[in-house]
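Novice: Here are the chains, one letter per residue:
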Amino acid sequence: MSKTQNASAPATVGKQQEGQAGDRPVIIRTMDLKKYYQMGEVVTKALRGIDSEIYRGEFICMLGPSGSGKSTFFNMIGGLDSPTSGRVFIDEVDVAQLNAIELAFLRCRKIGYIFQTYNLVQYMTCLENITVPMAFAGVDPDEARDRGMALLDLVGLADRWFHKPIEMSGGQQQRTAIARSMANNPAVLLCDEPTGNLDLRTGAEIHSVLKKLNSERGVTVICVTHDHRLINMADRILWVRDGGIERIADRHEVTVETGSIGGEENE
Amino acid sequence: MKRVEVKNQVRLSLAKCFELVLSGIRYRLFRAAITVVIIALAVTFLKTMLSESLITRRIAGAVEAKALPRETLRFWVARMTTGLRHVNLTRQLDALWEERQVHGNEAWAETPRAREFLAWGGLTEEQLKELTDLAHEERRYLRYFQSVDEGERSQMVGRARGWEIFAALQDPNRLQTLKDRQPSMSRKLTDIEELESFLNRWSQAMNLREKIVVGHAEAIAATAEEFRRQDAREVLAAADSETQKRLARHGFVLSEAEMQLVREEAQYSLDRDRITSMLDVKNGFIRSRLANRIGQKPMDTTAAMLLAEVSSSSGAEWLLEVIREENENTRRRNADPKRQGDPEPLIPEIGLDRQRIMEVGKRSMDQQHLREVEALLLAEAGGHADRADEEKELGMFGFTSRTLSLIVVSFLVCTVGIVNAMLMSVTERFREIATMKCLGATDQFIMINFIMESCMQGVAGSVIGAVLGFLLGLLRSVVMYGGLAVQNLPISEMFAAAGIAMVVGVVLSALAAVYPAWVAARLAPMEAMRIE
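Keeping their order, the protein sequence lines are chains C and E.
In terms of this note's numbering, the first sequence opens at residue 1 and continues consecutively.
In terms of this note's numbering, the second sequence opens at residue 1001 and continues consecutively.
FYI, nobody ran anything at the bench for these hints, they're computed from the structure.
Any given hint might turn out to be false.
Below, computed lysine-lysine pairings styled on DSSO-like, alpha-carbon distance capped at 27 Å [stated by the list, open to error]:
{"#": "1", "chain 1": "C", "residue 1": "K110", "chain 2": "E", "residue 2": "K1016"}
{"#": "2", "chain 1": "E", "residue 1": "K1282", "chain 2": "E", "residue 2": "K1338"}
{"#": "3", "chain 1": "C", "residue 1": "K212", "chain 2": "C", "residue 2": "K110"}
{"#": "4", "chain 1": "E", "residue 1": "K1297", "chain 2": "E", "residue 2": "K1362"}
{"#": "5", "chain 1": "C", "residue 1": "K164", "chain 2": "E", "residue 2": "K1016"}
{"#": "6", "chain 1": "C", "residue 1": "K110", "chain 2": "C", "residue 2": "K211"}
A few chain C residues facing chain E, derived, Cβ under 7 Å [what the hints assert, rightly or not]:
{"#": "7", "residue": "N75"}
{"#": "8", "residue": "L80"}
{"#": "9", "residue": "D81"}
{"#": "10", "residue": "A100"}
{"#": "11", "residue": "I101"}
{"#": "12", "residue": "A104"}
{"#": "13", "residue": "C108"}
{"#": "14", "residue": "Y113"}
{"#": "15", "residue": "N119"}
{"#": "16", "residue": "V132"}
{"#": "17", "residue": "P133"}
{"#": "18", "residue": "F136"}
{"#": "19", "residue": "D140"}
So these bits of chain E aren't anywhere near chain C, every CB distance computed over 12 Å [said to hold, decoys possible]:
{"#": "20", "residue": "P1069"}
{"#": "21", "residue": "E1071"}
{"#": "22", "residue": "S1154"}
{"#": "23", "residue": "M1185"}
{"#": "24", "residue": "N1200"}
{"#": "25", "residue": "I1220"}
{"#": "26", "residue": "M1358"}
{"#": "27", "residue": "R1371"}
{"#": "28", "residue": "S1492"}
We put the CB at the ideal spot given by N, CA and C, even for glycine.
Using the sequences provided together with the hints, build the complete structure.
Specialist: So this is what it looks like as structure tokens:
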């Protein structure tokens, strides 16, 4: 599979970015991505063939009602699940071709994950949590500690490195989780409802950290979210419905208001 | 297309794994403790069984050694007074066969028993060898006939028992019946032709055996004459080199070692009888005094009670005092001029001083304890002396099949317990495991993680179990056998057994964790997204 073939693939949704594709490198590309689930006798078509491109350094928000295939799509581009057919390229690497260890390698260094429920390891301190992925990547413990502290500094928790998750607020835990996701300098940050469990104010802390990472470090951020303020920060917004991409729009093409977005959710 | 170059997806060092697992265990201390307790229980059980078995064995050996003088005396008294019966002769010949295996054919003919049989039967060495071979085979065949059940045995050999079976099988019809019935037996003879040839040789050897029996009977008569019909025990108690020569004249070979054993034992036996005979002198005068002293009814007092009483210094003094006092009183009454009729008889002199009476009393108590332990050991072996013999041959621990099945069941229960606990642990940690996988943990790491966790619990449980089992086994043995258990502690074997029990415990924990670890390792990383 050569790059030229990728470029010539039909990109129904990416037409308007065609011009940009030349100067902005693609970090994630999906081609005719399909995922079917066998539920007893019935085959559920979670994804019906998605073609999409996500560029390096973008901040993308994904929207869609539950059951739309949004989570499945998210798992696919995060290398967490393999497609029934079609291809997913993450940083030019075909995920479907990878074996278990290569996948672990990819998840460890290329992608950072942020979960709605933070998923910190309860019996480790803040700093230990952050150094876990570094240990998996074989980073020297002393260096890992220094890097971990630097990351904590970045998310503003340097003075809390010795706290256990249970001793921290939700916002602090989520910031720890963000620091953890950045442990091995990934190219992509995948966020699953990062502010879903947080109140408005702490949610805002998370927004600013994510934005900072995106703009200062050039990390591609992909968020599944319903948080309008987060959507407001996005470069592009992506609507998923019935296993396909319904619409892609640049931030300036839609109006984000408190309670509604560009008439889309008001139907 | 670019390939991922997997250079550095490190396998975490075991030390790091260990560290992670340890902090995980500390976090879930209660669950870990329960698993540890399960393992500890199973290992305790195994170790207790091992300890008891080892101690029992060691004690059995010690008891045998302690009972050696008694048994030697019994053996000598019996053979100096009673003729050989078929069963006895066979047993002795079989013992001789075993000696032949130990000493080899040359030195064997010089052993005391071989010399005796050669002399009594007027046999050649070859003939005696044949007899021992036959005796050994006879015992082997007897074991076979004892191992089949009653119904099957009567189908094969009718109502014959013991050596009569071989006499009955001399009848060709009987033998034919046995051959016909063989195929339907639950346990079969390996070689029926061998049995036939054995029966042949057996009947031919009968006259050789008869020669021994007759020669022995003549020797008994001649010996009795030689020693003027003295009690055999008295002969043996006073045995010296002269006695050895006089016995040898009639074929009895009393070796130096045997003489040492027997002399003291015979003297003790005689002295003990002297003391216990006191109970019944003068219409039970001493019996009633003893009953009074120890608070029993006269009819309930036994020789053992008297011996126990005189084993102390004051008790021995008391016995001598009673006899002296009563004899003085009797003399005074006899001297009374107004007295009519025959003079009252005196209590015969006991002929032992206080020190010796005490010694005999103590020794008799020791013997009593020894007999109790012997009875216990026999009961342990299921009441069969033969089975007890066989069990000695069952390797280091010699578990009975019942004990073995108990151990297996306990370990199955333990395994199920560990599997369950580990599965719970996996389900509880679904999200943690999945998150770890998102962070780059390999399946292998997860697997090692869980097996290591189980192993560590296994080590803790096994150590606790081994220590508990050690103490418990010791305690039970001490309760059963008393001081003998402490004196005969097989320390090194006990530690080896503890090691075995611990290894079994750890290996079991590791094996039990394989399935839960596999479940955990196969968990999809997207489980991390799930919200409960």
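Novice: All hints are to be evaluated individually against the structure, with a verdict given for each.
Specialist: Each hint, compared with the structure:
Note on K110 (chain C) and K1016 (chain E): the hinted pairing holds, with a Cα-Cα distance of about 23 Å set against a maximum of 27 Å. For the suggested pair K1282 (chain E) and K1338 (chain E), the alpha carbons sit about 22 Å apart, so the restraint of at most 27 Å is met. About 19 Å separates the Cα atoms of K212 (chain C) and K110 (chain C), which keeps this hinted pair within 27 Å; it holds. For a cut-off of 27 Å, the pair hint linking K1297 (chain E) to K1362 (chain E) stands: about 24 Å separates their Cα positions.
In summary, the hint linking K164 (chain C) to K1016 (chain E) is supported, as the alpha carbons are separated by about 19 Å, within the 27 Å threshold. A hinted pair counts as satisfied when its Cα atoms are at most 27 Å apart, and K110 (chain C) with K211 (chain C) qualifies at roughly 19 Å. Hint status for N75 (chain C) relative to chain E: holds, with the closest Cβ pair at about 5 Å, below 7 Å. Using the Cβ-Cβ criterion of 7 Å, the hint placing L80 (chain C) at the interface with chain E is satisfied: the shortest such distance is roughly 4 Å.
Given the 7 Å rule on beta carbons, the hint for D81 (chain C) holds: about 6 Å separates it from the nearest Cβ of chain E. A hinted interface residue such as A100 (chain C) counts as satisfied when its beta carbon comes closer than 7 Å to some beta carbon of chain E; here the least separation is about 6 Å, so the hint holds. The closest approach between the C-beta of I101 (chain C) and any C-beta of chain E is roughly 6 Å, which is under the 7 Å cut-off, so the hint is satisfied. Interface restraint check: A104 (chain C) against chain E, minimum CB-CB distance 5 Å, threshold 7 Å, status holds.
Checking C108 (chain C) against chain E by beta carbon gives a least distance of about 2 Å; that is within 7 Å, so the hint holds. Interface hint status for Y113 (chain C): upheld, as the beta-carbon distance to the closest one in chain E is roughly 5 Å, under 7 Å. The interface hint given for N119 (chain C) is met, as the beta carbon of that residue sits about 4 Å from the closest beta carbon of chain E, less than 7 Å. Look at V132 (chain C): its Cβ gets to within about 6 Å of chain E, closer than 7 Å, so that hint holds up.
Proximity of P133 (chain C) to chain E holds as hinted, the smallest CB-CB distance being about 4 Å (cut-off 7 Å). Taken as an interface hint, F136 (chain C) checks out: its beta carbon lies about 4 Å from the nearest beta carbon of chain E, inside 7 Å. The closest approach between the C-beta of D140 (chain C) and any C-beta of chain E is roughly 11 Å, which is over the 7 Å cut-off, so the hint fails. Chain C leaves P1069 (chain E) outside its interface by the beta-carbon criterion, the shortest separation being 68 Å against a cut-off of 12 Å.
Taking the minimum C-beta to C-beta distance to chain C, about 67 Å, the non-interface status of E1071 (chain E) holds against the 12 Å cut. The Cβ of S1154 (chain E) lies farther than 12 Å from every Cβ of chain C, with a closest approach of about 65 Å, so its non-interface assignment holds. Residue placement check: M1185 (chain E) keeps its beta carbon more than 12 Å from all beta carbons of chain C (closest about 58 Å). No Cβ of chain C comes within 12 Å of the Cβ of N1200 (chain E); the nearest lies about 74 Å off, and the non-interface call holds.
Every C-beta of chain C lies more than 12 Å from that of I1220 (chain E), the closest at about 86 Å, which supports listing it as non-interface. A cut-off of 12 Å between C-beta atoms confirms that M1358 (chain E) is not in contact with chain C; the least separation is 71 Å. No beta-carbon of chain C is positioned within 12 Å of the beta-carbon of R1371 (chain E); the least distance is around 62 Å. Listed as a non-interface residue, S1492 (chain E) keeps its Cβ farther than 12 Å from every Cβ of chain C; the least gap is roughly 42 Å.
Comparing the model with each numbered hint stated earlier shows that hint 19 is the single one that does not hold.
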